[in-house]
Amino acid sequence: MIAALARPGTSPLHRIAAAPKLAGLAIVATVLFFVDEPRLLAAAFAAALVVARSTGTRFAEIGRDLRGAAVVLAVLGLADWWLIDGPTAIAVVLRLAAIALFAHAVTMTTSTAELTEVLERIFGPAERLGLLDAARAALTVTLALRFVPLIVEEANAIREAQAARGLDASPLALAVPLMVRVIVRSEALADAIDARGFPPEGARRGAARHIPARPPSP
Amino acid sequence: MTTRDISLVALMAAVIVALGVVPAIPLAGGVPITLQSMGVMLAGLVLGPRRGAAAVLVVIALVALGLPVLAGGRGGLAVFAGPTAGFLLGWVLAAFVTGFLAQVFEAPEKSTPVRTLQLTLAAIVGGIVVLYLCGILWLAFFMKMGLAKAFAVSIAFVPGDVAKAVVAALVTVQVRRAVAIERK
Chain G
1 MIAALARPGT SPLHRIAAAP KLAGLAIVAT VLFFVDEPRL LAAAFAAALV
51 VARSTGTRFA EIGRDLRGAA VVLAVLGLAD WWLIDGPTAI AVVLRLAAIA
101 LFAHAVTMTT STAELTEVLE RIFGPAERLG LLDAARAALT VTLALRFVPL
151 IVEEANAIRE AQAARGLDAS PLALAVPLMV RVIVRSEALA DAIDARGFPP
201 EGARRGAARH IPARPPSP
Chain A
1001 MTTRDISLVA LMAAVIVALG VVPAIPLAGG VPITLQSMGV MLAGLVLGPR
1051 RGAAAVLVVI ALVALGLPVL AGGRGGLAVF AGPTAGFLLG WVLAAFVTGF
1101 LAQVFEAPEK STPVRTLQLT LAAIVGGIVV LYLCGILWLA FFMKMGLAKA
1151 FAVSIAFVPG DVAKAVVAAL VTVQVRRAVA IERK
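So the sequence lines, in the order shown, correspond to chains G and A. Under this note's numbering, think of the first position of the first sequence as 1, with each following residue one higher. Under this note's numbering, think of the first position of the second sequence as 1001, with each following residue one higher.
Just to be clear, a hint being listed does not mean it is correct.
Unchecked claim - Derived contacts from chain G toward chain A, CB cut-off under 10 angstroms, selection only:
(1) L22
(2) L49
(3) V50
(4) S111
(5) E114
(6) P125
(7) L129
(8) A134
(9) A137
(10) L167
(11) A169
Claimed, not checked - Derived, one-sided and incomplete: chain A residues facing chain G with beta-carbon distance under 8 angstroms:
(12) I1060
(13) A1061
(14) L1137
Unchecked claim - Coverage of chain A stretches by chain G, computed from C-beta distances (three or more under 8 angstroms per stretch; other residues unrestricted):
(15) 1091-1103
(16) 1107-1121
Just so you know, the hints here were simulated from the structure itself, not pulled from any lab data. By construction, the Cβ of each residue, glycine as well, lies at the ideal position given by its N, Cα and C atoms.
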């Protein structure tokens, strides 16, 4: 498994339960989309910086986490400047940067286990209607979040290997080995989950269920 | 769904998210050209209709949670009220139809070019025709743009999306040669 973005800590944000944090994030993100006033957005951005720093993580580290998002934001901002106008570009960049920081603050202070638990609760009503299995649905969403950095990591590894063999960076030559490698890793992960006794009961076909559950490795 | 199904669905959802990090080209009006629609085609082509659509639903759940997983760092409930919501929700149907057609065309004995062509067709029908229908209807009626204007705004993206369908088909044929995945 890959390292989660969550960092242990005792900051105020760490101590708030996951559900209110996620609800707050959804509300903030929604409200910010209806704000166009640059000064208000600048204030939101400043607030987001304070909130992100309050988790105890240094700005340098936060910057490293959000480097990818920053590149996308820069491209978006330049394009908006060119296609629409300066004030719009500033508003768009401030809004998205504030949301990204708030979202990252939640991610940094919420463990995967907490997130899964909240998702299970959200999916609960659908389960009672017989639409889905809450535990499995929550696991799927959490796994997806953990797979994103894994894909980036594999992409970098393949690109380095190709560069070492003197190959140019070609998207198609990257896509095929990347897909194959992450599919293989996802199947290995599924087997590891099965070996640890998930799901607790039910529709697992063909897998031995009497294996004593071992505590998951850290 | 077995644990492998869950893992594959989560993986394709992550692929769609990761493709959003590849810099997008935003066009005026706020509808960006992104590689994420190629991820939707891939989900259908690689996993089949039900798991492909499930992968898209996972992405939509992440958006609703407020995570910035769409191209350009967009996310949050506001997206569902915006101009591109029709395309976002249309992804579910697009992945399903793409996967369904890929299943219908399933024929391992055919040559690689034929299979690539068939999968391209599946991706075009699901990922372009069906998707644009959802997106254009949303723009026309919920955004009160009118059918003609909604059509004109969207049609500019078709050439790029056809190219994405071809790439998705090429990648799928080679990936499925290396790993055996049943479409379901």
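These are the hints, each one checked on the structure:
Below 10 angstroms, beta-carbon pairs count as interface contacts, and G/L22 has one with chain A at about 6 angstroms; its hint therefore holds. For the restraint placing G/L49 at the interface with chain A, the shortest Cβ-Cβ distance is roughly 16 angstroms, beyond the 10 angstroms limit, so the hint is violated. A hinted interface residue such as G/V50 counts as satisfied when its beta carbon comes closer than 10 angstroms to some beta carbon of chain A; here the least separation is about 19 angstroms, so the hint is violated. Given the 10 angstroms rule on beta carbons, the hint for G/S111 is violated: about 15 angstroms separates it from the nearest Cβ of chain A.
For G/E114, the suggested interface contact is broken, since its CB lies about 13 angstroms from the closest CB of chain A, more than 10 angstroms. With 10 angstroms as the threshold, the beta carbon of G/P125 stays out of range of chain A, its nearest partner Cβ sitting at about 14 angstroms, so the hint is violated. Restraint check, G/L129 versus chain A: the minimum CB separation of about 16 angstroms is more than 10 angstroms; hint violated. Taking 10 angstroms as the C-beta cut-off, the interface hint given for G/A134 is violated, the closest approach to chain A being about 12 angstroms.
Given the 10 angstroms rule on beta carbons, the hint for G/A137 holds: about 8 angstroms separates it from the nearest Cβ of chain A. Taking 10 angstroms as the C-beta cut-off, the interface hint given for G/L167 is violated, the closest approach to chain A being about 16 angstroms. Given the 10 angstroms rule on beta carbons, the hint for G/A169 is violated: about 12 angstroms separates it from the nearest Cβ of chain A. Hint on A/I1060 is violated. Least Cβ distance to chain G is approximately 10 angstroms, over the 8 angstroms limit.
With 8 angstroms as the threshold, the beta carbon of A/A1061 comes within range of chain G, its nearest partner Cβ sitting at about 5 angstroms, so the hint holds. With 8 angstroms as the threshold, the beta carbon of A/L1137 stays out of range of chain G, its nearest partner Cβ sitting at about 22 angstroms, so the hint is violated. Requiring three or more residues with a Cβ within less than 8 angstroms of a Cβ of chain G, the coverage given for the region 1091-1103 of chain A is violated, as only 0 such residues are present. Only when three residues or more bring their CB closer than 8 angstroms to a CB of chain G does the claim for the region 1107-1121 of chain A stand; here the count is 0, and the claim is violated.
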